[in-house]
Amino acid sequence: MTGAPVRRDGPPLPGTLRELSRPGRRAWSLPELDVPPAQVPEGHRRPAPPRLPEVAERDLVRHYTRLAQMNYGVDTGFYPLGSCSMKYNPKAAEAAAALPGFQRLHPHQPEDTVQGALELLWRLERALCELTGMARVTFQPPAGASGELTGLLIMRAYHAKNGDPRRRVIIPDSAHGTNPASVTLAGYRVAQVPSDARGLVDLGELEKMVDEDVAGLMLTNPNTLGLFEEEIEAIARAVHRVGGLLYYDGANLNAIVGRVRPGDMGFDIVHLNTHKTFATPHGGGGPGAGPVAVSERLERFLPAPVLAYDEERGRYYWDHDRPDAIGRVHGFHGNFGVLVRAYAYVFGLGRDGLTDVGARAVLNANYLAERVRGAYPLAFPGRPMHEFVATARRFRRFGVRALDVAKRLIDLGFHPPTVYFPLIVEEALMVEPTETESRETLDAFAQAMLQVAREAEEDPELLRQAPRTTPVRRLDEARAARELKLRW
Amino acid sequence: MTGAPVRRDGPPLPGTLRELSRPGRRAWSLPELDVPPAQVPEGHRRPAPPRLPEVAERDLVRHYTRLAQMNYGVDTGFYPLGSCSMKYNPKAAEAAAALPGFQRLHPHQPEDTVQGALELLWRLERALCELTGMARVTFQPPAGASGELTGLLIMRAYHAKNGDPRRRVIIPDSAHGTNPASVTLAGYRVAQVPSDARGLVDLGELEKMVDEDVAGLMLTNPNTLGLFEEEIEAIARAVHRVGGLLYYDGANLNAIVGRVRPGDMGFDIVHLNTHKTFATPHGGGGPGAGPVAVSERLERFLPAPVLAYDEERGRYYWDHDRPDAIGRVHGFHGNFGVLVRAYAYVFGLGRDGLTDVGARAVLNANYLAERVRGAYPLAFPGRPMHEFVATARRFRRFGVRALDVAKRLIDLGFHPPTVYFPLIVEEALMVEPTETESRETLDAFAQAMLQVAREAEEDPELLRQAPRTTPVRRLDEARAARELKLRW
Amino acid sequence: MRFAPHTDEDTREMLAACGLSSVEDLFAHVPPAVRLGRDLDLPPALSEPDLLADLRALAGRNRHADDFVCFAGGGAYDHYVPAVVWALAGRSEFATSYTPYQPELSQGVLQALFEYQSMVCDLTGLEVSNASLYDGPTALVEAVRMACAATGRRRVLVSGTLDPRYLEVLRTYAAGGAFEPVSVPVEEGVTAVPEVGEEVAALVLQHPNFFGNLEPAAERFALAARAGARAVQVFDPLSLGVLTSPGELGADIAVAEGQPLGNHLSYGGPYLGVLAARARDVRRMPGRIVGETVDVEGRRGYVLTLQAREQHIRRERATSNICTNQTLMAVAAAVYLAWLGPEGLAEVGRLCLAKARYAAERLTEVGAVELAWPGAPFFKEFAVVTEAEPRAVRDALLERGFLVGPPVELPDGRRGLLVSVTERRTRDEVDRLVKAFEEVAAAGGKGSRAGRGRGGRRAGGRGR
Amino acid sequence: MRFAPHTDEDTREMLAACGLSSVEDLFAHVPPAVRLGRDLDLPPALSEPDLLADLRALAGRNRHADDFVCFAGGGAYDHYVPAVVWALAGRSEFATSYTPYQPELSQGVLQALFEYQSMVCDLTGLEVSNASLYDGPTALVEAVRMACAATGRRRVLVSGTLDPRYLEVLRTYAAGGAFEPVSVPVEEGVTAVPEVGEEVAALVLQHPNFFGNLEPAAERFALAARAGARAVQVFDPLSLGVLTSPGELGADIAVAEGQPLGNHLSYGGPYLGVLAARARDVRRMPGRIVGETVDVEGRRGYVLTLQAREQHIRRERATSNICTNQTLMAVAAAVYLAWLGPEGLAEVGRLCLAKARYAAERLTEVGAVELAWPGAPFFKEFAVVTEAEPRAVRDALLERGFLVGPPVELPDGRRGLLVSVTERRTRDEVDRLVKAFEEVAAAGGKGSRAGRGRGGRRAGGRGR
Ligand SMILES: Cc1ncc(COP(=O)(O)O)c(C=O)c1O
Ligand SMILES: Cc1ncc(COP(=O)(O)O)c(C=O)c1O
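Chains as they are written, first to last, in this note's numbering: chain Y, 1 to 488; chain C, 1 to 488; chain U, 1 to 464; chain X, 1 to 464.
No lab work stands behind these hints, which were simulated from the structure alone. Every residue gets a Cβ at the ideal spot worked out from N, C-alpha and C, and that includes glycine. Incorrect hints may have been included.
Said to hold, decoys possible - Part of the chain X face toward chain U, derived, beta carbon under 10 Å: (1) E48; (2) P49; (3) D50; (4) L52; (5) A53; (6) R56; (7) G60; (8) D66; (9) Y80; (10) P82; (11) A83; (12) V84; (13) A87; (14) S92; (15) E423; (16) T426.
For reference, chain Y alone in the conformation it holds in the complex (with noise of 0.2 Å):
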């Protein structure tokens, strides 16, 4: 059967919609003009509307049910996807999103019209900070890397507070590639500390690398290996005694929540991603949320408004009045509607069941870890916490890259985990299960891992040629990149 494709029948593929267009077809339905028509001024007349597609609001159905069902979600299955936390999501925090209270507030409303919004975002910041072990909380963040960039533009200020610029920001060559963008958007220079054979921070690395130059280290522990870095008070020490600052990439904080806080570990900036540590709904892609925390010291320079409470008037408010703020970030308050969900979330969960995030995490990693090693052997040798870095070194013999791997995980009905991230373990394989996967969905996918394994020696021409189930099969990608076709 090997490489023998399967035989297509059904429905062909969807067609697109200008494909699908038919001059004169339409979906639209709009009021009818009830005030005198009025003539496009002068010299502004578009000569005619844009080419969009004329289709009936039946071939819209018709043409996105279908894409949605060729499309794999957390709903659809198991998304082990390393560094992504693809939990599940509740649909009560949907639900909740949705009612107009919150969904048809306009963001130029007077505050004392939306005073349910803010106290939902007060609360929600009061929890961040106990979760975080920071002072205050900035929501503009509309992800993971705009809160990034938020926080390294705080510690800028802070410095230039200070009246000493630094030049440098130290990160692990394990880190994110979001983390070094950052740093040359904040207007600093990457310096790269190495991770050592325990692919934690190479201390002794990291001391001879810190001096009055560096800004800041940013880090993210447990670490983008899966592993916690042990030696964090030492880091926090030699990165402070320099007097630069530690900032905590918080995507990972889902594997600690409620036991570890980066405050506690010497962090003083901490962004959070709402997708990852609070399950909100990534969307195909976004949207996320990035809210910012800082310790006490950096408060003065969060982006303004910054959110107020009126105790006598027992009102909430934003606060303009900032002169040390770094400024806007996002256009309005953030991602809102996100953060409605993440309230639900932490609020649902509460105290016990957010500490059991971590829990259920890390245990399903191990187990997993250890159902599969024996094939699949770690990059490391140290205790994975929520996710583990296995490699497909071994397969290479056969002519299996980790992508051939994945592909064949595919036709077995699963997704995939990430590959070649991170960029220092060749041939990754980045596992995450999450805390809302049961052990029978871990027992199916090892299984299936271990199946996989076989077949690299047995049939590599079947990872190779996989996915063979699926609405399309491998695709070109240079050919992607070559002939560039971005739009019909």
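We have chain Y; now place chains C, U and X with the ligands onto it with these hints.
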């Protein structure tokens, strides 16, 4: 390739919830007990709760998402199921029905608190009266068959009131199965009038059958062969002459809505299927709504309570003081949530849009019939209205049945037409495209039908082996009925 | 709004293909005399924004169960509907499909219904279930028909503690002549010992009954059994985590209003009729039934089965005329039951039981009202007797933000109100209800406009 | 609530499989000193019913755009969101998926984004689009970075008619030192003729501008072109059915706040940043870009392409740091644009134009207010100057059921309010707004509590 089953890979078929169940797992989340606990009264305690599945919310979501994706709906494709009017269901109607002001109304709320709901029903009743040419409407019947029985009980009450009980109700041999079944339940005997060579009621035969013992005649017009009963006036005269009543089965009103009114054809009682005429979604089998409209002289027999309007106080209320009413036919006020959707279609389309429904439905049926009649001769010569009945008789000689044609159409990506109904047509294929389908869809479907016709000759096994692209292939219905397994 | 996708060009070319020149030609054979010959007397089309504004305005003229605290019952209850239920049951592949006549394209809804049937059997302790009927009362009618068919008898004993709406519906369909309902008197708020003769087809009992009281069902059903009659129970699905199952009680056929199972109040519909029975009566059951089987490759699959019972095959001799049922509501009920599981179902029962008990005790403590049958055991609902006219009391309470009811006439002629307390109600809400009852009693049943519709909200604290 | 599915048995056995005996063992290597060592100071878990009651209560403490008539603008608008948009974009297969790293499992969202990009190109008359950015202002920042990268220059001319929020955000990110915004003065409510020198990377113009006025964009952009600077336009996507496209006007890069495209107001987010440019700048574009290609069997398919630009490959030299974007909002925008089609888009434009014009004329006729720039052409939004303090006027109008704003400071120091009129507003609503303005003007800008929040409803007639 004939017959060779398609090799299936990818995820296995979903197990049952019972199979997914694990002791101690849970999805439920309920408020704390905030009052003193109470003992189950003496002798009433159930020793142990029923053995329902124990699953996590995520299990539920994946299970039903998988099941939904294994279900074909109007939103996934063309659904030309004859007699079922599977037209597009507007999303705006769903949004309306979901408004808490409709969805969260308790049926026992006092009238003053539901004036909006009552006004909606009032406006809808006025509209249905205008569309049917009748005087009043009851919304209690939750589906067409229930409407039939309600109508027949009204017929019965009418004759009883006149002190002349009768025993027989005439229906055509082409009638839908619910007609004779309802006749029996109403305590009448079925008298079947044959169809003539045109597929219409044999007027001569009818004349012979009518006498003082005939309570009435049930008729669908256009009839279940998709043909308009051109002699309806004579038919009505014949029945009325002997004091019988005419019952209109509104399942096919969508063909003539706005053009021809049952009342103007001489009908005394009419039921409508909101899911057929007014695009309320059929939900995989239900819910529907089967409002019954009657002429003035029958109004007094309508089920109580009847909606009323108090001019002075400008207030709607339920009138329970109806001495001649046949009584309740539903526990409350019928399928209100479905009626909200019907309201949306009626008033969204408005005066001209409703008349257009029939025009487009009939045009689509005639166009499609034209495209395929070469391979699938029509059962009767007359001009089809909103649907047509063709026959697959000629494929018999290749050992191919209408069912095989239907199953092969599935492999080509379409839901098949209704097969083997009406019973008076051999190898019947009953095709109803509805008004919301586009010419492109009809052309594609016609092509598929013609391809199947060719395959029936060249490769009949291909049809007999179909479908081969579905999660399961042909199912053993005999075994299902023999080894009854109706639960886990 | 317009959903017909035809462009003018489409229309022209399609007509041409049919050898016609105008749409009217399609109707040429319709006799002129029966044509309307004028425009419909209806408003012109509304755009989607205008239509939804109109509907929002209508909805806005109603007060709904989030605008007051709902203690109303009488067959429909404000149980909590989990967000997951309609997020799944409402998926468009379910909602926009027809009855699964082509099983290969409908395994989703077929398996969902098979699982619904299975859970109904688990719940009731009976052997078979169908795929839903219209609602509770019409399900009772079908149960009675089954009993008559099974026994060849016509007489149906109906307890006086049955919800009057059920009785009304039963009487309506009795006009067909297939059965004859005879009422059984009430004693102490429960069904008196009935005379069950050899001519009796069924004994119909509601337990917990219309007044909320728990019936001596097992004893009564035993009498039916002895006379060869079918024992028919109208039950509350959410009571079965804590109360003895119909099967245990000796019911042969059990029916229920399925609304409490994850379905919205929706002013009385769409709900669903639940019906379960013993295997011996399966061929007499009405409506769709889903069965498990295998496909040509031996894969498990599901189909509609025993169709020979149904109208499309058996026609005038069918067990029922039902065709369209309430499938989507049954799918929602299945999601809800699986969400609860055994423990959740028991917990709902415990919460209703305890909170209703608490409410009844507090109300009597403060002497705001009298229980209709002090000391009689009940589940989540109970009847109180009011000095003032029950409707007036009900309205006065509603002005204060609480909906109770419906008003009821007790078998002995006294008049009162039903009060039901679901797992959603909080102690605080009950305490405020009690206070409201006191105020109203003091005001002699008259309410003041004060705080109309706010009470529930004002003191609410839980946004209702 | 609890979503971890582990039973005690699962936990025990899974720990055992790892050679551990307690969950705490999993954290044994975490230094004690950094552990919290106490329970979190947070409330205990809420059940789903309690949580939603809490959230409904919070939502109930807001007044939203159905509680008043919305004439507010300033970057977010009450355009109609068709029911079909979120019925489709909200499907869980889209909502619960991640960035499409495995294209074979993500063709749905990939094709949806490819079509979004295509429609953005149709709309703007430009050649390439990405798959969305965070919002309008951050999209402008990215556009400016593109211009700097393309020109190797740092200086950015920014019109004084740009929405101040955009300017604030631009200034914030300028701190990184990559570019330096310099402001261009305003004359007669539009951008004065700027000095565009050889050192200028970009000229940033908002058209229609923040005050609603139509800019002489083509003329201004010509100056930029002559100086080799990139012309950057901030545009209103719903104006492009009637107004000249950015491409036609000579814009090299066009960015917009995508909220008006089928996205809810949602108190300012999630929205989406739209960015389109000319082909020559495609390799400098930020964020995800979807491209068409074929699979090994020649079938058409879609993938993320030009990833060498992005942070996960290029790291510190990436064109941007963006990773997560606003994909789901882009899918909604695509559904909405296809729902409109060319004619619908033109119709929205005509309706906004005519209704805004009508409102401005009526307001000035009755002399309730003055237009900031009488006679200046505008699209759907215009600035009025009020005698009383604008905030006071805004609040007084809100008491009467109308939201206008935001309050604005005009370039010449005068103060006023923005009024915007979408296709949803009716003549009746406009007439009532005018009346309210008159009352408020008469009352000298002070409002009475009379009819707080009702005005819009009371006279509403369309349920708002
Ligand atoms: C470790 C880490 N840091 C930062 C990010 C960027 O977060 P976002 O995608 O929300 O911008 C990610 C996202 O995957 C991540 O895994
Ligand atoms: C002609 C005809 N009459 C009656 C019915 C029964 O209607 P319902 O299924 O709503 O009970 C149908 C349903 O298909 C039908 O086609």
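Discussion item. Could you work out which of the previously given hints the structure breaks and list their numbers from low to high?
Written reply: none
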